[in-house]
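Enquirer: First to last, the sequence lines map onto chains A and B.
In this text, residue positions in the first sequence follow numbering that gives the first Met the number 0: the first is 0, and each later residue adds one.
In this text, residue positions in the second sequence follow numbering that gives the first Met the number 0: the first is 0, and each later residue adds one.
Keep in mind that the hints were calculated from the coordinates and are not lab data.
A hint or two may mislead.
In silico EDC-like cross-links for lysine to aspartate or glutamate, where the CA-CA straight-line distance does not exceed 20 Å [said to hold, decoys possible]:
#1 K262/A x E221/A
#2 K62/A x D288/A
#3 K62/A x E14/A
#4 K262/B x E189/B
#5 K262/A x D129/B
#6 K262/B x E14/A
Over 10 Å on every C-beta distance to chain B, these chain A residues come out as not near it, computed from the model [what the hints assert, rightly or not]:
#7 M38
#8 D129
#9 T130
#10 D145
#11 K196
#12 W244
#13 T272
#14 S305
Remember, predicted model here, so these are calculated numbers, not experimental data.
Using N, Cα and C, we set each Cβ at its ideal position, and we do this for glycine too.
Each chain, written out:
2 protein chains.
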Amino acid sequence: MTVPEAMIEGRPAHEVLAWSRDLLDAAMRPAVDTLPSSMRHIAGYHFGWWDEKGQPVEADPGKALRPALVLLMAEAAHGAASMAAPAAGMAAPAAAAVELVHNFSLLHDDVIDRDETRRHRPTAWSVFGDTAAILAGDALLTLAFDVLARSGHPAAVQGAATLGAAVLDLTEGQHSDVCFEGRGDVGLAECLGMAEKKTGALLGCACALGGLFGGAGPEQVEHMRLFGDRMGLAFQIADDLLGIWGDPEVTGKPVFSDLRNRKKSLPVVAALTSGTDAGRELAEVYAEDRPLSGDDLVRTAALIESAGGLAWSRAQADDLLAQALGHLRSAGVTARAAAELSALARMATRRDH
Amino acid sequence: MTVPEAMIEGRPAHEVLAWSRDLLDAAMRPAVDTLPSSMRHIAGYHFGWWDEKGQPVEADPGKALRPALVLLMAEAAHGAASMAAPAAGMAAPAAAAVELVHNFSLLHDDVIDRDETRRHRPTAWSVFGDTAAILAGDALLTLAFDVLARSGHPAAVQGAATLGAAVLDLTEGQHSDVCFEGRGDVGLAECLGMAEKKTGALLGCACALGGLFGGAGPEQVEHMRLFGDRMGLAFQIADDLLGIWGDPEVTGKPVFSDLRNRKKSLPVVAALTSGTDAGRELAEVYAEDRPLSGDDLVRTAALIESAGGLAWSRAQADDLLAQALGHLRSAGVTARAAAELSALARMATRRDH
């Protein structure tokens with residue numbers, strides 16, 4: 000009996016994330032255990048497993064969105080509608096590899112950006128020093144490729160090339176991001192390009208790897224990648240909004256965190272390039288050198304909103320999400336997988352609503 | 000007609016290095032060209048191909064010892080005695096991967112150690128900043144795995160696991176090295192262990208990868224790895240001696256460079272743990288905080304020699320080289336390959352003689 004598509008409902012996003020977390024941890028813990036002890040110690044602290052002395056703690060491990068995308072896409076590619084689909088299990092090394100790459104980049108980005116807080120805890124460099132955090136990032140990046148190589152999966156080699164391309168995009172995106180901070184003439188298009196590399200590339204890679212490990216063909220993999228890429232850009236915009244208007248209780252970062260160091264995030268650049276009076280006033284604030292007081296920060300955020308930065312960001316995120324869902328349809332995945340991926344995409348891109 | 004072993008002579012080391020450099024460059028240049036432009040720019044400067052503005056220069060590219068080991072071992076494993084052995088060509092991606100990993104580690108180590116000079120030129124971080132150097136290191140590490148994955152070689156997956164293990168050793172070795180600088184009780188055994196991870200592991204990996212890409216069996220690969228590992232440790236000792244007594248014209252680093260920041264290199268630790276009066280006096284110098292003057296540096300070097308640090312280092316390097324050559328014999332490579340590998344090992348470990 001064929002079930003009509005509209006009748007099929009997937010698991011809600013929080014249930015998918017919990018399911019994915021279990022599969023991920025089962026792949027991650029043994030992999031991290033193979034690290035040299037010094038690196039394992041720093042990695043375990045960063046993942047929220049242990050405190051700085053190596054004692055177990057219950058810290059926020061993050062949602063692990065990227066691994067969930069890998070595993071869902073693997074199921075989707077496999078066309079398995081059963082709850083016990085084996086495709087997700089086979090794709091667990093790919094999910095771990097993507098999560099390891101994500102955390103490598105967090106470790107290095109925190110050193111580069113001098114961010115002191117991550118997931119409500121002091122960042123690794125602020126506890127162990129720059130050297131330890133740089134080396135631990137190197138170790139996680141290496142472990143990501145190692146996990147793929149040792150997976151024994153027929154798609155391991157192609158997966159490594161896919162992952163490598165995403166990491167290279169990531170380095171360029173982060174480099175541009177840092178360079179933009181010292182420039183007064185950043186355009187919206189190049190800022191979107193930067194965000195696509197910094198965030199879109201790895202989410203696209205997560206979806207492509209899931210497809211590859213689930214046995215999808217080249218055209219299907221490409222639509223999966225584009226779903227992740229578009230969704231990733233929408234996710235970055237949502238993250239940028241949280242960097243300005245997010246609740247510190249939710250984000251684990253100080254209020255107005257991105258404005259404190261005059262970060263040229265997408266809502267800010269949209270405001271700066273808006274041609275409005277508020278945009279020009281914002282440009283003056285950004286051109287100054289002095290630290291911004293609490294009142295300054297409130298006023299700066301208001302300028303971004305007046306200049307249309309908030310409205311542009313929301314509209315842009317909606318548009319990107321629609322594009323992502325279009326690629327999901329073109330990928331021709333099962334109705335259940337589509338429902339779950341859509342739910343995850345909506346949660347990830349509008350997580351403050 | 001069988002040629003008696005004693006009659007077979009290989010190419011001299013400088014000729015092997017030139018041959019290897021050509022094969023390496025043919026693999027490296029197209030690989031580096033696939034990097035995002037910002038990363039390619041920094042990498043090209045670091046490799047000595049371009050100046051900081053991207054204009055071609057003729058800078059010292061380094062000897063590229065590690066790729067030469069990969070290529071020679073691939074030939075040795077292949078059992079090919081002809082000059083036009085195809086094994087070396089097939090192993091070129093492995094040679095490039097090892098050289099990329101070596102240079103990733105140089106980029107990060109220079110940031111960590113705040114070294115301002117590398118191969119007679121300002122280090123990448125001192126020209127482009129820490130962020131750029133960290134990210135360019137990340138990009139080269141990623142490219143190493145990418146080059147292996149795209150090689151299409153049947154040993155690519157096993158090669159990636161082998162390379163990954165060496166990089167993890169490297170991160171731990173570098174972490175220990177930095178930690179040792181802040182400790183007053185570093186023992187000789189743990190210092191040797193650190194050097195084995197920091198230097199031996201990647202030279203061992205180079206030899207093992209050459210073997211794998213040349214089609215060697217597991218036992219042969221293991222002897223090849225041990226040849227590289229022992230030789231790498233001898234090489235590190237030779238490098239440590241250069242860090243104290245090396246001619247700046249040859250090393251490209253300031254005279255007494257390792258003593259300036261009171262580095263606990265192997266000759267120093269051998270002297271510190273010698274139980275001699277000179278060793279105790281050296282410990283006092285190392286415990287002080289004040290910068291060392293030119294006269295201090297001369298006196299410190301003399302103390303290391305009086306305490307037996309120089310003699311121990313030379314004897315240790317000889318012993319390690321003998322062990323390395325023993326593993327080369329056990330690996331059962333052709334007489335010509337053995338002659339060339341021995342010549343390379345002697346040059347690398349006694350390059351100041």
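Enquirer: Each hint: holds or not?
Expert: Hints versus structure:
1. K262/A x E221/A: Measuring from Cα to Cα gives roughly 32 Å; hence the hint is violated.
2. K62/A x D288/A: It is violated: about 36 Å lies between the C-alpha atoms, which goes past 20 Å.
3. K62/A x E14/A: holds, 11 Å
4. K262/B x E189/B: At roughly 15 Å apart (the allowed maximum being 20 Å), E189/B and K262/B satisfy the hint.
5. K262/A x D129/B: holds, 19 Å
6. K262/B x E14/A: violated, 53 Å
7. M38: Given a closest Cβ separation of 6 Å, the condition is violated.
8. D129: Per Cβ check, D129/A is inside 10 Å of chain B; nearest 7 Å; violated.
9. T130: It is violated; T130/A is separated from chain B by about 5 Å at its closest Cβ, not greater than 10 Å.
10. D145: Violated, because the least Cβ-Cβ distance between D145/A and chain B comes to about 4 Å, which does not exceed 10 Å.
11. K196: violated, 8 Å
12. W244: holds, 27 Å
13. T272: It holds; T272/A is separated from chain B by about 22 Å at its closest Cβ, greater than 10 Å.
14. S305: holds, 32 Å
The structure does not agree with the numbered hints 1, 2, 6, 7, 8, 9, 10 and 11 stated previously, though it agrees with the rest.
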